[in-house]
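Colleague: With chain G held as given, fit chain A onto it using these hints.
As you go down the protein sequences, you meet chains G and A in turn. So for the first sequence, my numbering puts the first residue at 1; every next one is plus one. So for the second sequence, my numbering puts the first residue at 1001; every next one is plus one.
Some hints could be false.
[Claimed, not checked] Partial selection, computed: residues in chain A whose CB lies under 8 Å from chain G:
no., residue
1, 1315
2, 1322
3, 1323
4, 1324
5, 1326
6, 1354
Just so you know, the hints here were simulated from the structure itself, not pulled from any lab data. Just so you know, even glycine gets a beta-carbon here, dropped at the ideal spot from N, CA and C.
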Amino acid sequence: MNARILVVDDDAALSEMIGIVLTAEGFEPVFCYDGATAVDTFRAVRPDLLLLDLMLPGKDGIQVCREIRAVSDVPVVMLTAKSDTVDVVRGLEAGADDYVPKPFKPAELVARVRARLRPVERASSAELRIGDVTIDVTGHSVRRGDQEINLTPLEFDLLTALARAPHQVFSREMLLRDVWGYQHAADTRLVNVHVQRLRSKVERDPENPEIVVTVRGVGYKAGSSAR
Amino acid sequence: MTAPDAAAARRHRGPARPLTRRFRLGRLLLARRWRQSLQFRAIAVSLSLTALAFFVTGSFLSHQIADRLFTDRLGQVLAGATADFEEVQASFDASDASDRDELQAMVDSTLGALSTDGSETERRWILVPLDYTSGQTLIPAQSQSPWMTSSTVPPELQERLADQDGVYWQPASVRMAENGDEVPVIVVGTIVDLYQNSPYGLYLVYDFSDPQRTLDAMHAVLLLSVIVLLLLVGAIVWYVTREVVRPVSSTARVAEQLAEGDLGVRMPVSGSHEVARLARSFNRMADSLQEQITQLEQLSSMQQTFVSDVSHELRTPLTTVRMAAEVLFNAREDFDPVNRRSAELLYHQVDRFDSLLADLLEISRFDAGAARLEVANVELFSVVQDVLEAAAPLIVSSGSVVQVRSELGRCTVQGDQRRIERILRNLVVNALEHGEGRPIEIVVAESETAVAVAVRDHGIGMTEEEAAKVFNRFWRADPARARTTGGTGLGLAIATEDTRLHGGLLDVWGAPGEGACFRLTLPRTRGRRLDPEDPSPLPLPPDARAHPERAEVTATGTLVLTPAPNSDRPAGPHPAGAEDPAGTEDTAGTEDTAGTDAPADAQEVQP
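Bound-form chain G, shown alone (with noise of 0.2 Å):
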């Protein structure tokens, strides 16, 4: 079955062009033009994707993001203009997996895309735990205790990478490549902000993280599940 991939942008002509290049990538796109129907549109389409333009008529896109985000784990992509530091990070915030920045090339949309579809691989065991949560992997829930965290496929596969090399450190540039799919480098906000949504998720404590640990001017590791 082809991947629904919504597109949501005012601007018809690329909209279209985008429509062309995914068709041509084998995915089925549903086109949405503003930003107050955008959610009801979601709701109807129940896409795999949304490519969601930031600057909407009718309803910012940060806001259509973080409004599908409430009851919705479908990867989010933003298609940004302004690859300024600010809308970026609000973006990401709001709950987005990733961005594209304008002008992109068709190659960048489609394996931006396509790493955010592409199917986790899990071949090692099917249960991991870090600290006091267990990640079963297989059944693709994250419990602490009998209580069960709802996680995005992203945190999801941040969380899980961290958890198969428990004593590994991890730089951003090497989760950008892990979780996200990046060859080159890459914006690492988006570990800084997606490290935070996910420790805010996770953690007892998001200030004292014990899941997530920093370490510091290298990156990211996972807490010790010796307690």
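Modeller: Only chain A this time, still in chain G's reference frame:
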């Protein structure tokens, strides 16, 4: 000296030192106050000048008054004394005493009458034989009061009396009462003939403590009034200068607030005197300053909004155009030659247009002051490696061999990774473009405070004149020269701005035919700005051969890494400090078995 001894010595020296120190401190404080406070200076000057004036007039006054007082009293005293003397002489002359006892009785009665004289000044008489040393006197020296003797009379006066007839006087200091204090007196004397050529000195001692007391009292009053006047003058000057200085210092305060960016502050205006005029013109200045700055701020924010709008408005259609161009380009094999070439041209030029737009937007962001640093710890070797990997196709097409040389295994700096990478990419691309296919060296060095990366090519080089212009926007060394890389002409200008944002320095050296060298020096820690006078960790141009080779990109675009000499470093298997995307575990083994010349690890970076 043991510690307790030293403490004891300190204690011992204790009392003397704080005093001198306090004195010196006080002097320093006064000197500072003198320098800093106009009011203090005015008060000090006017007080000292007034004190001087008072001193001069006071002493003149005192002198005059004393003179008058004394002269008047002396006149009275002398007149009285002369009359008395004549009376005594007449009484002596008229006496018919024949023996010593009668004589004594006569003297007693005459001089007794003298002592009861009713003048206001207390006086006492002394009768001394003129030649009292001979002992052949009719009656001995005698005086009204037993404690007064001939020695009470100043000898000079006695001598003068002996020399010549007349009434003489001299000031002296004598006790006027038994066991009393010595008081200032005037001793008036003359010769009286007691009995048939037996001359006696008759002295009258006048108590002058009265005028002295008057004078003292007057001095006291004078001193008191001087002190009061000085205090008054001080207060008046303080008040007047405060009235003048206060607006000045409040102006200074307001000006300081303005300088600190608080544009809303104004001076209070009251009245229409000079100070009010100053306040008014000051406020006018502040108004126009605020207006202009607000205007500039508005312009700047308008510029920023404009840049951001342009960015969005241009980028969306450009994205469409670019995607369409790429679709056409990918399908070019199916076109006829004309359309195929058109698709190729479209594709490449859209790419160029894109980078030109990106550079322009970047430059306007710098100009608008909207550029911000994203500071993190940046490992320079990994940045260099990333840059070289990205530039691999260009390296291949240029034919240059790029070498990385350094003594270091790792080199970290606090900075913005994206910007540092962009600076180095611009320098490397520039070197490749002008390197004429000859080798290019990248040298990395560090000092305690700074890190430096120099990119050296051996190409066409440039003159000093050209080197001065090389950072200008859209400047080209030789307009006739074709661009091989399609650079925008803004690369070095952006690199300059990026460097400045870091507080670093970007320098250039060039010699025609010998090549050029760009040196980037960055402060190691954030927030520090490098001074152009500070020595950079690398000379310009550096002697690349002096640094051991770390990595090399061959003309085929292969990145070859050389192991670091101190391979015991846990920094990682790569001397360049970058992460190895391929199996990390294997590389350590490779490194151990690596020969001296053989590359430890070769990595194909050509896409």
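Colleague: Which hints, by number, does the structure contradict?
Modeller: none
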